[in-house]
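Enquirer: In the order they appear, the protein sequences are chains A and B. For the first sequence, our numbering assigns the number 1 to the initial residue and increments by one for each residue that follows. For the second sequence, our numbering assigns the number 1 to the initial residue and increments by one for each residue that follows.
Because the hints were derived from the structure by calculation, they are not lab data. All C-beta atoms, glycine included, are put in the ideal place defined by N, C-alpha and C. Possibly wrong hints are sitting among the right ones.
Said to hold, decoys possible - Stretch-level coverage of chain B by chain A, calculated; a stretch enters the list once three of its residues show a Cβ under 8 Å from a Cβ in chain A: (1) 39 to 49; (2) 104 to 112.
Claimed, not checked - Sample of chain B residues with no beta-carbon within 12 Å of chain A, all distances over it, derived: (3) Val4; (4) Gln6; (5) Ala14; (6) Asn68; (7) Ser70; (8) Pro79; (9) Ser86; (10) Arg94.
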Amino acid sequence: GAGVSQSPRYKVAKRGQDVALRCDPISGHVSLFWYQQALGQGPEFLTYFQNEAQLDKSGLPSDRFFAERPEGSVSTLKIQRTQQEDSAVYLCASTGASTDTQYFGPGTRLTVL
Amino acid sequence: AQSVAQPEDQVNVAEGNPLTVKCTYSVSGNPYLFWYVQYPNRGLQFLLKYITGDNLVKGSYGFEAEFNKSQTSFHLKKPSALVSDSALYFCAVRGLINAGNNRKLIWGLGTSLAVNP
Chain A
1 GAGVSQSPRY KVAKRGQDVA LRCDPISGHV SLFWYQQALG QGPEFLTYFQ
51 NEAQLDKSGL PSDRFFAERP EGSVSTLKIQ RTQQEDSAVY LCASTGASTD
101 TQYFGPGTRL TVL
Chain B
1 AQSVAQPEDQ VNVAEGNPLT VKCTYSVSGN PYLFWYVQYP NRGLQFLLKY
51 ITGDNLVKGS YGFEAEFNKS QTSFHLKKPS ALVSDSALYF CAVRGLINAG
101 NNRKLIWGLG TSLAVNP
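So that you can see chain B by itself, here it is in the shape it has in the complex (with noise of 0.2 Å):
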């Protein structure tokens, strides 16, 4: 079976301050990695993917991502955190592609991700 972890609830940071924002997964074959940001009342905007090639994704806002396949990890990194990427964080997975090419989406739970003045 596909799934996500996200093994922190929340992670802390001081503005300035590197973040790293943690994620596993388990699927078969290649896995498709997403991660999104949920601020407040609004929906999921996508931040970046793995799909193949380069381990190190770049995306928006400044964050980047490393796919780990030894580890099956895929973490979210920001050299420096500004108060205004305080916010939820969700990593996802495409599930596998089945006879009607379904391409849904596995989803963590989701770290709260608080960076302090």
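In isolation and in its complexed conformation, chain A is listed as follows (with noise of 0.2 Å):
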């Protein structure tokens, strides 16, 4: 049995790159969630997809951060102009439409230099 997975787990950039983090989240999950998480914090909300739909985005700490969910499944969170402060692991989350327990992936780490 599949659990959240995401792609890649540790990523280093130059500042001013792209990126893009991706989740797979477990199959036939409906919401998926994006959670920030600096290091010694607690994670950060970012976003929130029910199917396709982003019904919440308030987290996203600026217009640089952008996330999708096209056909339900896969999520991409893409991150522009990437600066210092968005060094951080990248929490991907999915819970089923029967139960509040969200499923976390093993994240991935962002470096950026």
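Make one complex out of these two single chains by using the hints.
Expert: Listed below in structure tokens is the structure:
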């Protein structure tokens, strides 16, 4: 049984580069969440999808951050013109229609130099 | 506003002793409360949750948590700690359900548990 997978696991980018982070949720899970976890901190909500609809993007820190889930399964978080403050672990979670438990992927650790 | 507090950055306990990791919350309406554990370089693993019903919730790996509405607390407990329990523990509460039925979680800062042999 596959859990939530994320790729790449590690990403190093030079300041100003664009990056794309991928999340494969558990099959059949309708809801998908992105969180940002800075070093020594708890996760912070970024955005949330129900199927392909992005219902809340209030946590995206700037217009450089963009997320999509065009077919209601795989999601991509894109960060344009990366800055050093974007360095963090980006966590993806999914949940099914009949449960409130969010299941997390291993995260993508982004380091911006 | 919704919030979660984990008042202890670190908890140290000897192997075999009981452990408690504290969590208090602030939320409008009935809370949905969660505990997750995070091992180094790994994602968050679900331990247990309280939605409704019995105030004592049992979860994975022998952990349990007690919901106390009057004290707005949801402390994580285990009767006998193992060295392998050493990890980072996060408490989370589900935020308000708005028109979009948002289920985002609001997180504490985490508590590092060290179990000493």
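Enquirer: Which of the numbered hints above does this structure break?
Expert: 3, 4 and 10
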